[in-house]
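S.K.: Guided by the hints, dock chain B onto chain A, whose structure is given.
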Amino acid sequence: MVNLLMATPDPTVVERVERAAEPAPTPEPAPASTFQVKNLSVWYGDKRAIDDVTLDVASNAVTAIIGPSGCGKSTFLRCLNRMHELVPKTRVEGTVFLQGEDLYSSDVDPAIVRRRVGMVFQKSNPFPTMSIGENVVIGLRLNGVRSQKFLNERLEKSLRMAALWDEVKDDLHKAGTSLSGGQQQRLCIARALAVEPEVLLMDEPCSALDPIATAKIEELIYELKAHYTIVTVTHNMQQAGRISDYTAFFYLGRLIEFGPTTKIFTNPNERQTEDYITGRFG
Amino acid sequence: MTPHRHILGTFDEALASLRNNVLMMAGLTERSLERAMKGLFERNDDLCANAIADDEEIDQLEKQIDKDGVDILLRFQPVASDLRRVVSAMKLSSNLERMADQATTIARRARKLNQHPQLPEVELIRPMYEHAMSMFKDSVDAFVREDVDLARAVVPRDQTLDDLNRAASRTLIERMAQDPDQLRGYLNLIFVGRCLERVGDHATNIAEDAVYAAAAEDIRHQGVAAST
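Chains A and B supply the protein sequences, listed in that same order. Residue 37 in numbering that gives the first Met the number 0 sits at position 38 of the first sequence, with consecutive numbering throughout. Residue 160 in numbering that gives the first Met the number 0 sits at position 161 of the second sequence, with consecutive numbering throughout.
Hints were generated in silico from the structure; no laboratory data involved. For each residue, glycine too, the CB sits at the ideal point set by N, CA and C. One or more hints might be untrue.
[What the hints assert, rightly or not] Here are the simulated EDC-like cross-link-like pairs (lysine to aspartate or glutamate), alpha carbons at most 16 Å apart as the crow flies:
hint	chain 1	residue 1	chain 2	residue 2
1	A	LYS262	B	GLU216
2	A	LYS262	B	ASP217
3	A	LYS156	A	GLU166
4	B	LYS90	B	ASP58
5	B	LYS136	B	GLU33
6	A	LYS224	A	GLU197
[To be verified] Not everything, but these chain B residues come out facing chain A in the computed CB check (under 7 Å):
hint	residue
7	HIS3
8	ILE6
9	VAL78
10	ALA79
[Unchecked claim] Partner residues are not named here, just some residues of chain A that face chain B (Cβ under 7 Å, in silico):
hint	residue
11	PHE264
12	ASN266
13	ILE276
14	ARG279
Here chain A stands alone, though its shape is the one from the complex (with noise of 0.2 Å):
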C-alpha cells in the first residue's frame, strides 16, 4: 500500500495549493486594443445605420459581431476598412483609430486601409478566371511586387496559413472556382493574408458552409488569432460562443452590450441582450 504522507506531492497539485494561498491577483489590465472606436455614427442617405457606437477591438483576439438582420453588423464591419464608402450616398461621424491612427482622416488612402485590414466575405469569391496561385498572389501583384521567388514564398506560407496548402499544392494552376465552397472560402482568406494585413473582418464566413467546412474555418480562425486581430460578423450564436473571445450586441443601430464572450453567453448585463441570445426577441 502506498504511503500517501510519505509519497512525493505531485507537483501540479502543490503549485495549485500554493497558488491559492497567495492573495488574489491584481485585475488584469485592459488588453491592447487594435481598433478605437469612437461615437462613430453612420448614415445611408437619411437612414441612420450605426448610432454613436464607441468599442476597442482587442489586439490578437477574436471579436464577434451579433445581432439581427439590419442591426448594423455588417455597415459597422465595413467602416473598419472604409469598405462602406463604396455604397453612396454614406456619410460617417465619429473617429476609427487602427493602431492609434485616424483611419478617416483626409491625408489617408482607402486603398491602404483596406491592405492593412483585410477581409472576407459571407460568399466565396474567388476571382473566376485566375487559377488558384494567382487568386493567393494578386494582392501583391497588384501592388507591385515582380520577383517570383518572393510571390512564391508568399503563396505557400498564405495557402499554409489558411490550411488549404496540403490540399490544393499540386493544383495551384486549376481555377480557384473548381474548388469546394469551403475551400474557395479558406483560398479567400489565403488571399486576405497574402497581403499581410494587421487586422481580418469576416462577415458570416461560414453561412454559406457545410458543418465540416464551417469547422475548419473555425479552427482557422482561433490559430489566425496569435497573428491578427480578428473581428466578425455571425448569425450564428454558437459559433460566436465557440470562436470569439468578446462579443458585442448591435441592435438598431446602437451598440447594446459589448464584453467577454463568456460574460455576454452566461450573464449578460442588458435584458435585450439575454432576449436575443436566448431567441426570445422579437
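M.R.: Chain B in isolation, oriented as in the chain A frame:
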C-alpha cells in the same frame, strides 16, 4: 422571472417540462421525508413502507430530469439564464434523490425502533426534523421563485442544524452509557439525526444552486459570509 417567451415554442415546452418534473420530484421527496418521520414519531410501519416505496419513483424522476436536461442542451444549446436553469435543475434533482435516500434510511431505522417500546429521546430529533424541513422547503421555494434573498438566507441555517445534531448525539451517547440495554435504539436515533443533518446539507446545496440559477453567482465553499 423571464416573462418573454422563446421564439421556439418547443424550447419553452421543454424547459417547462423539466421544471415541472423537478417540482414533482421535490414534492415527492418532501412527502417521503414526512412519511418516514411520521412513521418514527407515530410508530407507524405502513408510513415507513410508503416512504421506502416512494424512493423508486423519485429515482426514476432523477433519470428523467437528467435525460430531459441533456436533450435540452443538445437540441437548443441554451445560454445565459436558460443554461443556468437547466444545469441547476439537473443538480437539484441529484440533491433531491439523495434526500429521498435519507428518507429511506430514516424509514428503515424507524421500523427497527418501532419493534421496541418507544424511547422518550425520540423527541430530541423533532426540532432537527422541523429545522431540516423548513430549510428544504425554503430552498426549493427559492429555486422555484428565483428568490435570491431567500436562497442566501437558507445557507447559514445549516449551522443551527449541525449544532442541534451535535447536541442530540451527545445526549444520546450519554444515555447509551447510562442504559446499555437500549444501545441499539439510541444508535438508530443517532443515525436518524445524521440523516436529517444531511437533508440540511442538501437543502444548502439546492439554495446555492438557486442563487446560481437566478443571479449567476457561485456562493459555494465561501463560508457563511458569502450568503449574507
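S.K.: Can you name, in rising order, the numbers of the hints this structure does not satisfy?
M.R.: none
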